[in-house]
Amino acid sequence: MPKDSYLVGLIGSGIGPSLSPALHEREADRQGLRYLYRLIDIDTLGVPPEAVGDLVRAARDLGFDGLNITHPCKQLVLEHLDGLAPQAEALGAVNTVVFDGGRAIGHNTDVTGFAASFARGLPDAPLERVVQLGAGGAGAAVAHATLTLGAGRVTVVDALPGRAAALAASLERHFGEGRAAFAAPDRLAELTAAADGIVHATPTGMAAHPGLPLPAGLLHPGLWVAEVVYRPLETELLRTARALGCAVLDGGGMAAFQAVDAFRLFTGREPDGARMLADLAELAGAVTAPK
Numbered sequence: 000m001p002k003d004s005y006l007v008g009l010i011g012s013g014i015g016p017s018l019s020p021a022l023h024e025r026e027a028d029r030q031g032l033r034y035l036y037r038l039i040d041i042d043t044l045g046v047p048p049e050a051v052g053d054l055v056r057a058a059r060d061l062g063f064d065g066l067n068i069t070h071p072c073k074q075l076v077l078e079h080l081d082g083l084a085p086q087a088e089a090l091g092a093v094n095t096v097v098f099d100g101g102r103a104i105g106h107n108t109d110v111t112g113f114a115a116s117f118a119r120g121l122p123d124a125p126l127e128r129v130v131q132l133g134a135g136g137a138g139a140a141v142a143h144a145t146l147t148l149g150a151g152r153v154t155v156v157d158a159l160p161g162r163a164a165a166l167a168a169s170l171e172r173h174f175g176e177g178r179a180a181f182a183a184p185d186r187l188a189e190l191t192a193a194a195d196g197i198v199h200a201t202p203t204g205m206a207a208h209p210g211l212p213l214p215a216g217l218l219h220p221g222l223w224v225a226e227v228v229y230r231p232l233e234t235e236l237l238r239t240a241r242a243l244g245c246a247v248l249d250g251g252g253m254a255a256f257q258a259v260d261a262f263r264l265f266t267g268r269e270p271d272g273a274r275m276l277a278d279l280a281e282l283a284g285a286v287t288a289p290k
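Everything in the sequence shown is counted per numbering that gives the first Met the number 0, starting at 0 for the first residue and increasing by one.
What the hints contain is simulated information worked out from the structure, not anything from laboratory work.
Treat the hints loosely; a few may be bogus.
The calculated label-pair distances, taken between Cβ atoms and stated as ranges, are [unchecked claim]:
(1) R102 <-> R33: 20 to 28 Å
(2) R33 <-> L243: 45 to 53 Å
(3) D271 <-> A192: 38 to 46 Å
(4) R263 <-> L38: 30 to 38 Å
Computed from a predicted model, the values in this text were never measured in an experiment.
Glycine included, every Cβ here is placed at the ideal spot set by N, Cα and C.
Can you make the complete structure from the sequences, with help from the hints?
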């Protein structure tokens with residue numbers, strides 16, 4: 000039987016602006032739960048990303064019920080867990096850890112979160128040729144989601160070509176030969192010229208990493224652009240793409256829907272996805288509104 004008191008947290012870098020605490024705690028309040036969501040920022044602690052294993056063990060020993068994991072720890076945390084849900088194992092990335100009888104079990108709710116957001120926000124977007132920027136933890140999740148949604152081919156571009164190649168190979172193993180490819184950043188011009196859309200899955204554009212992930216001149220009105228960054232909700236990439244007439248999808252929906260699934264894993268209770276999406280929009284609007 001689900002209990003009525005929970006302690007959860009988020010491990011990552013530069014997570015001060017995260018909306019996750021308010022998002023989870025608002026839904027818990029509506030359900031009559033005592034629910035504390037704490038930020039565990041490796042920058043504030045002055046420890047490297049590789050310390051994620053120590054932080055997970057400490058949280059377990061301190062009585063946490065679970066953790067969310069974000070950049071840059073979604074892949075580094077794998078070796079420190081006692082088990083993986085099938086989707087997390089397939090992805091090689093974890094964004095949610097549930098402590099169960101002393102065991103730390105890794106899950107990934109980014110896939111379902113992105114898929115739900117894309118289906119809602121860009122329901123008619125063509126998916127034959129998709130270019131994805133970023134092959135890290137979030138990149139693995141959204142590439143799986145995009146192919147699950149029916150993308151013909153996803154070409155992964157990353158500053159680390161080896162990482163992009165490994166993700167493309169993994170995607171082909173799961174979805175079939177020819178469904179994924181990788182490319183170096185110097186091929187972005189030719190790729191974007193022929194693409195239906197761009198999925199952005201790097202930290203560029205976050206509050207701590209401002210800027211554009213690709214030259215603005217490569218964007219054109221024939222593209223749709225989907226973003227995973229949600230703090231701020233309106234990134235420079237989305238502003239630039241919208242001004243050119245591109246259809247755009249912000250990262251808010253993914254953030255809300257992955258939180259819905261994480262809340263369910265932490266508590267065993269069914270959250271209200273519509274309410275949490277409305278919360279995200281309100282919270283992000285408050286964060287990005289002019290002072």
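Violated hints, by number in ascending order, as checked against the structure: 4
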